[in-house]
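S.K.: Protein chains in written order, with our numbering: chain S, 1 to 410; chain Z, 411 to 820.
Hints were generated in silico from the structure; no laboratory data involved.
In this text, all values refer to a predicted model and were calculated from it rather than measured experimentally.
Note that the Cβ used here is the ideal one computed from N, Cα and C, for glycine as well.
Treat the hints with care, since some could be wrong.
Said to hold, decoys possible - Cβ-Cβ distance ranges computed for the label pairs, FRET-style: (1) S:S243 x Z:G772: 55 to 61 Å; (2) S:S243 x Z:T450: 48 to 54 Å; (3) Z:K614 x S:D274: 57 to 63 Å; (4) S:G275 x Z:P485: 43 to 49 Å; (5) S:E374 x Z:P485: 29 to 35 Å; (6) S:P365 x Z:V534: 51 to 57 Å; (7) S:K17 x Z:T450: 22 to 28 Å; (8) Z:K587 x S:G275: 23 to 29 Å; (9) S:E42 x Z:E590: 58 to 64 Å; (10) S:K52 x Z:N573: 57 to 63 Å.
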Amino acid sequence: MSVFCEVPQAAPVAVFKLTQDFNNDQFPNKVNLGVGAYRTDEGKPWVLPVVKKVEKIIVHDDRLNHEYLPILGLPEFRSSASKIALGEDSPAIQANRVGAVQCLGGTGALKMGAEFLRRFYNGNNNTKTPVYVSAPTWENHNAVFANAGFEDVRPYKYWDAERRGLDLAGFLGDLESCPERSIFVLHACAHNPTGTDPTQEQWKMIAEVMMRRKLFVFFDSAYQGFASGSLDKDAWAVRYFVSVGFEMFCAQSFSKNFGLYNERVGNLTIVARDGDNLKRVLSQMEKIVRTTWSNPPTQGARIVAITLNSPELFAEWKDNVKTMADRVLLMRAQLKAKLQSLGTPGTWNHITEQIGMFSFTGLNPKQVEYMVKEKHIYLMASGRINMCGVTSRNIDYVAESIHETVTRVQ
Amino acid sequence: MSIFSDVPQAPPVAVFKLTADFREDSHPQKVNLGVGAYRTDDCQPWVLPVVKKVERLIVEDSSLNHEYLPILGLPEFRSASSKVALGEDSPAIKDNRVGGVQALGGTGALRIGAEFLRRWYNGVNNTATPVYVSAPTWENHNAVFADAGFKDIRPYHYWDAANRGLDLAGLLDDLEKAPEHSIFVLHACAHNPTGTDPNQEQWKKIAEVMKRRNLFVFFDSAYQGFASGSLEKDAWAIRYFVSEGFELLVAQSFSKNFGLYNERVGNLTVVAKDNDNLTRILSQMEKIVRTTWSNPPSQGARIVSKTLNSPELFDEWKSNVKTMADRVLLMRDQLKSKLQALGTPGTWDHITQQIGMFSFTGLNPKQVEFMIKEKHVYLMASGRINMCGITTKNIDYVAQSIHETVTSIQ
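For reference, chain Z alone in the conformation it holds in the complex (with noise of 0.2 Å):
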């Protein structure tokens, strides 16, 4: 008899378990637009020329050794992060009452997040505080802060299904039903699943009743500079909170960026009221971080920090981004081309209307479990496409693919 036999089995995560099944899939032209990693075009992918680079540079540095960093992460790295996200000339940072805490990944930014706002917002240990997440969201999102220990977890209207769009009057009416103070997770540009983002007016209006309501403001920046091409451009809506006089705290990743995927870089970035509220914040960060990771991983951190703090570098990677970022834009386009071309029923616009890796295609679930069991191709059961996993190779079975179920199924 096991102490273990009352534990029940777990379901997979979902995007992984897709990926496996098309690992399975014998089937010669099966194509995986399921889990958010680039891929050339060639449906390879692909370790940055930059990094690659860095990485030789960080082998041969003998003055570099595997001491432990600090608790809070490795001080160049969190600086340049904090104003990859805010600016160089951040007035935020100038007023040194801008920190970073270096996480694991985007999830990890998240969460050392959550715990800290579970333990020291609205109250001490205040689980109640409802946190809002996006409809659709992040199929994580909603764990994290309840393993942080959130009760309260609900949808905020984000996507409009019929008009294939932002749902923005649902949403500014969540902003004014939301009991006061409660957190809200947005997604700083390429909205994961839906590729749609509020565009600068939306954002100024969704700020102007977040102020007011005292709601608490937590960005997800999980794909800066992939989603347009532009850093800054991506970082609009961030900037733009800050220059509000929001404090907030903004969860960032370099894995899709820096292609860094598996070796977890992420940075919290804390935007406090002065620099005594962030000496505190940052002291309780600590104790955090302390009993979960202890101090994080050293590889991606001096990775990103080399390259962000070499103007030479920093303009190689600005290019490798666009590249990964113009290559996606390029699928979009065509993908849509073909669509209107085999006169497939419906518009096909939000294909390049959305940003970013997603595009959230429409299909329903009949017509997405045809995709995947009748022409083998892998997408998430919200009819979320991965536009990387598209390929001058098999974009024409793609869109067939899409003709043929939306043709045969409803």
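In isolation and in its complexed conformation, chain S is listed as follows (with noise of 0.2 Å):
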């Protein structure tokens, strides 16, 4: 009899699971339009040139060991992360108010974070503290958070899915309702799995109600510099609520901008009010990072710091992202031409609306069971589609999928 008889099937993480059963269709004309990573136009992983080259660098430097880096993370790294995120001339940088722990990707920057909220915000341990996801979000901010120990993790109106676009009336009421000092997971930029962003106007006002009302601001910053192609625009939202003076988190992932996603290169920024709180943070942050991967892997944030910290390398990545963002936005654009094109019935103006490697198609659960049963096509639930699952040689397919699911089922 086995001491662990009890333990349960857990249930496959969704989107994995649409990539394994698109790896087992027979299909010639598969398309796999689900988990989030850049394809190029041949449907293939596409490893970064500036990448490449940086990694040979390394493994030819041999002042370079394999020594454990600080529980906080390679310093260079951390440092030039936050400047990415809040600007080369950061008056908050400036000030010596900004400090960073290298995580592993996201995923990890947001666990950080919210086991030290957990253990430190609104009180001591005060795990009944709300925190609000976007509905709909990223599936795993949900659990990152429960798992941290908050036990009240609720939805913010996001999608309008009548309008196609931002509920701002419907968000804006739920950071004027929810208790004072809740913590609110905000998608920095190319909203996941929508592509849907508030503009600056909108955004000012999202701010505005944070901060009379008290709310924790923990931006999720995963596509900086993928979604528009340039890095100061997508980090607009982050650089104005730090400029109106919150003490904020921010997740970033160098997984999609950097394509090292398996390298797990994230970082948690942290704005604080003054040098001696942001002194007083890390300290606790080195003691949940201790406790879960003791000090943080080397490889990716060597090649993010070594490239973020050199002119030349830092101009040819940031021209590496643009090449990424420009293929995505051609497909955006050729997509909703030939929808439009085929007369597909609908409006289909978000696709290009929409930002990031991302878009909200609208198809119900119904017509995306079509797509994947019938067309072999591979996409969320949800509707969200990985844009750069769509190539030159699949659109038109796509496209007559797409036109053929919304015409046959309703």
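Combine both chains into one complex, guided by the hints.
M.R.: Structure below.
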């Protein structure tokens, strides 16, 4: 008899199950529009040329060794990563009130931030502080905060399915009516899964309510540079909130914009009132890191740090990022054009209005099932598609499939 | 006013504070016998030649990319790692009842194992199950299990200070008296910090009680190969327990034996009753990993996997490991001889009887303080020294310092 005989089988993570099903599918024209990773126009993963270059530099640098990093990570990575988010000339950085924790991708940064907040925010070990995540949001947000100990994770209104846009009134309404000091997880840009971001004016309204009602700002920034092609443009919201005086967290991922998915490169940027508060916060972050992974992995952080800290490599990287962003923009433009020329029922402007990797097509669950089963086009049950999965070779098939689906299935 | 104004300053992790103090010390003969990392006879970190070779292979391999690893990690790493622990011909592996979770070093493996046990062992979410750690043990064990949610972490008798050896009677007594189903963290070999392991007969006695009393076996294996120079010898205890039919967890670290400290290479080996139980366990492990780091970092696992899976590289690695183990054995031998030649009061056999990286000198806190402040020889307050910090250049100074300390201070 096993001591584990009562352990139930857990359901697989949906997005990985989707890829598994895709891999098992023999259909010659199958398309994977599921998991969020960049693909070239040949439908292949892309190791950024600048990454390849820096990996070679690293392997030939005999001054480097494999000694433990500090608990909070590689110093030159942490500072350059925070500068990317807040800007080279950030007054907060100059005021020495910005710190960082190198983490395991965006997930690790969210986890560390969540664990800290559960222990130290809004009282001691206050597991009852409400944590608000957008409706819908990345499927893992809820579980990260729940597993950090928060007992009350709730949705805030975000996506207006009818109008296929931001439900600003609902969002602001939730900000006005939630308990003071609630934590809000905001997507810095390229909202996952809707691709719909607040405009600058809308961000200002959101910030005003959050400041007035003492709500905690926790940005999730996984697509900086990738969304519009411009690092600064994509960081506008984060920088605006800093400029109006919020203390806040920003979980940064370099998985997408460096294509370093499997090296787990992330950074939790912390903006505090002053250096003294920052210092105490970081000391507690060390304790949390120490019991989770002790100290972070080096390879990815070295690649990013070397790149960000060299003017030439930095310029080359921005160029690689623009390559990815531009291909996505091209596919958006072409997909919309094709659907319009096919006369596919409905409006398709949202495909070009939404930004980043994902598009929230508006396909309903039945239609999604049809796409997957009949057309062998794999997308999330929510109707989310990864634009990176669309290529010049498959775009006609994808457009025709959407057309067929929308006309046959309601 | 900051929302963080009540966050207290956390004390630094002792072993890193020691190294920080060492760095600031300008004494020309200072010696760092603190943190557990291998040093060459020139007192330098050592990147294993086989690691350097494999890193070059990886960077030249254009078939590799940076796509996300599966949640449980690189498959060829997981299986090769479990084979290293359990043996190439392990019947349990042949029975398909052994699995692995690639984790962030030994810490990450312990943490994922602890999180799993807290959720699913001895009932559902039973935070009251006692967890026993040796007295003394690695300073982070207690906190890892506490942060995983366990409320009752207790010491088990281990080190007999008076006799400078294993307190077997005390250990066995704790095993007899522990509540049934208690979890015991056992050091697979090269006990940290005492360097004192049970011999085979003693392990058999320990196993007998643990089986009879339904205690849970959680091995921490951070020094396999490093302790005696032989992978098999260092894994004897683990393999014995598996052969006795225990379901157990083994947290493996490749930080020391591969010198890959900063790439965070670890593996949680799971030995279950059968494949059905294993499958359900691993599915729950995935859920825990997903909310902690999503999926693990690639670089270190690739290096280890390539090495373990190639006969030539595997041999080269074993040779590199033996180089490290042999240097430590040499320093042990020479330190004991020098202390004996100096006529230093006390017996010093324990220096060569203890195995692995560390020696529990028996120096008391006052003596440790003298060593640091007066002799600028840095060691842990417990009297633990890292033998790797000793070299042919500093061994005389270290021996003389111990001599002076023991004769001046009681």
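S.K.: Taking the hints in turn, state whether each one holds.
M.R.: Hints and how they fare:
Between S243 of chain S and G772 of chain Z the C-beta distance comes to about 59 Å, which sits within the given range of 55 to 61 Å. A hinted range of 48 to 54 Å holds for the C-beta pair S243 of chain S and T450 of chain Z, which are about 51 Å apart. The given range of 57 to 63 Å is respected by K614 of chain Z and D274 of chain S, whose C-beta atoms sit roughly 60 Å from each other. Here the CB-CB span from G275 of chain S to P485 of chain Z is close to 46 Å, well matched to the stated 43 to 49 Å.
Between E374 of chain S and P485 of chain Z the beta carbons are some 32 Å apart, a value that agrees with the proposed interval 29 to 35 Å. Our hint of 51 to 57 Å for P365 of chain S and V534 of chain Z is violated, since their Cβ atoms are close to 32 Å apart. Taking the beta carbon of each, K17 of chain S and T450 of chain Z are about 48 Å apart, not inside 22 to 28 Å as hinted. Look at K587 of chain Z against G275 of chain S: about 51 Å separates their beta carbons, and that is not inside 23 to 29 Å.
With their beta carbons about 59 Å apart, E42 of chain S and E590 of chain Z fall inside the hinted range of 58 to 64 Å. Judged by the Cβ atoms, the range 57 to 63 Å given for K52 of chain S and N573 of chain Z holds: they are separated by roughly 58 Å.
Violation of the numbered hints given earlier is confined to hints 6, 7, 8; the remaining hints are satisfied by the structure.
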